[in-house]
Amino acid sequence: MASKLKSNEEKWWAGLNQPKAEAPDITIVGLPYDGAVCYRKGAAKGPDAIRKISSEIPPVLETGEVLKGLVVRDDGNLPFGKNFVAAFPKLEKAVDARAARSFVLTLGGDHSVVIPVHQAFSKRATEKIGLIFVDAHTDLSDVFDGSSYSHACPLRRTMETERFDPKQTVLVGTRCFEMAGLEFIQKNEMKMYPAYEVAERGMKAIADEIVKQFSDLQNVYLSIDIDALDPAFAPGTGIPDAGGLSTRDVITLIRRLHPLPIVGADLVEVAPPLDPSEITPFAALRIITEIFGLVQRRKGRRQRFTLI
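What the sequence shown shows, in the working numbering, is residues 1 to 308, in sequence order.
Be aware that one or more of the hints could be misleading.
Said to hold, decoys possible - In the DSS-like style, the derived pairs of lysine-lysine whose C-alpha atoms are separated by at most 27 Å in a straight line are:
#, residue 1, residue 2
1, LYS82, LYS41
2, LYS45, LYS6
3, LYS187, LYS212
4, LYS191, LYS204
5, LYS11, LYS52
6, LYS93, LYS82
7, LYS167, LYS204
8, LYS90, LYS6
9, LYS82, LYS68
10, LYS187, LYS123
11, LYS128, LYS82
12, LYS93, LYS20
What the hints assert, rightly or not - Ranges between beta-carbon positions, derived for each pair:
#, residue 1, residue 2, range
13, GLN186, VAL85, 28 to 34 Å
14, LEU217, GLU178, 27 to 33 Å
15, ALA232, LYS123, 37 to 43 Å
16, GLY15, THR63, 24 to 30 Å
17, GLU183, GLY15, 45 to 51 Å
18, GLU56, GLN186, 25 to 31 Å
Worth flagging that the hints you see were computed from the coordinates, not collected in a lab. Predicted, not measured: the structure shown is a model, and the values here were computed from it. Where a beta carbon is used, it is the ideal one built from N, C-alpha and C, also for glycine.
Between the sequences and the hints, there should be enough to build the whole structure, so can you do that?
This is the structure:
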């Protein structure tokens, strides 16, 4: 992480960042790795690009909800050395230590970075974890381009963990399919809300169905690939795919998940070099602030101005 960026860290995240907080509400970690992509790189620059612009927004949501009082601790980027897969055990331990004290938000990096993160959550859970997987792709390939750890494989690896379960997983915004992914979804009876269904039915109805499905669970995890958004809203990603969700769709989804016990989230595949206009990191930042609001509502500390 550049020293110039770090020197401004107390202004990150709308001024909510407290780097030395002992009891944070949210801990943020970055995994700036994009060595598992199959097309365009750039996602390794995602975490720091989002941090850089995060000081440019106020701690207030569009609903008038004030985030002041929410304690955010950004622990920077986790080290992983030259061999990312070999670092999985160390990364799992690092994520687990943070999940023991707070909600954990992981910033990628390509989508493969969530493999050790999800493994950490699975190992610490005592019951099944519901998973809301927002992505243009199914990411269910067993092997892609000769690798089991490609960014086309993370959901498949997550489904192999003990506490994540296909029947307690929903895919949202999907629109680009591999045959292997479709076969896995059908065989395991996974619930999917493709992008076209979101367009036809509206995200509000779909979000409410997800809340109902997961209402009996003690732990729910939210995983967001920025390529779930239509390229009009997020052009800076490795594999943009037309016909996607709007930023508003994702905001609506997050906002309506507040009844669920969301314990962690990740946001991946933001590739700033592919978007000189910075539309994509700003979209990611907006999504992150909505996640902040979600955590604050779960904490019961809701301060809100009435908007006319």
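Hint by hint, here is what the structure shows:
1. Taken as a hint, the LYS82 and LYS41 pair is honoured in the structure, with Cα atoms around 17 Å apart against an allowance of 27 Å.
2. For the hint linking LYS45 to LYS6, the alpha-carbon distance of about 15 Å falls within 27 Å, and the restraint holds.
3. For a cut-off of 27 Å, the pair hint linking LYS187 to LYS212 stands: about 23 Å separates their Cα positions.
4. Straight-line distance between C-alpha atoms of LYS191 and LYS204 comes to about 17 Å, which keeps the hinted pair within the 27 Å bound.
5. For the suggested pair LYS11 and LYS52, the alpha carbons sit about 9 Å apart, so the restraint of at most 27 Å is met.
6. For the hint pairing LYS93 with LYS82, the CA-to-CA distance comes to about 18 Å; that is within 27 Å, so the pair holds.
7. With a C-alpha separation of about 22 Å, the suggested pairing of LYS167 with LYS204 holds against the 27 Å cut-off.
8. For the hint pairing LYS90 with LYS6, the CA-to-CA distance comes to about 23 Å; that is within 27 Å, so the pair holds.
9. Between LYS82 and LYS68 the CA atoms are separated by roughly 39 Å; this puts the pair beyond 27 Å, and the hint is violated.
10. Between LYS187 and LYS123 the CA atoms are separated by roughly 25 Å; this keeps the pair inside 27 Å, and the hint holds.
11. Proximity of LYS128 to LYS82 is assessed by CA-CA distance (about 33 Å); at most 27 Å being required, the pair is judged violated.
12. The straight-line distance between the Cα atoms of LYS93 and LYS20 is roughly 20 Å, inside the 27 Å bound, and the hint therefore holds.
13. For the pair GLN186 and VAL85, the supplied restraint of 28 to 34 Å holds, since their beta-carbon distance comes to about 29 Å.
14. About 28 Å separates the C-beta atoms of LEU217 and GLU178, a value consistent with the hinted range of 27 to 33 Å.
15. At about 39 Å, the beta-carbon gap between ALA232 and LYS123 stays in the expected band of 37 to 43 Å.
16. For the pair GLY15 and THR63, the supplied restraint of 24 to 30 Å is violated, since their beta-carbon distance comes to about 19 Å.
17. About 48 Å separates the C-beta atoms of GLU183 and GLY15, a value consistent with the hinted range of 45 to 51 Å.
18. Distance hint check: the CB atoms of GLU56 and GLN186 are about 45 Å apart, inconsistent with the given range 25 to 31 Å.
Hint compliance for this structure: hints 9, 11, 16, 18 are broken, all remaining hints hold.
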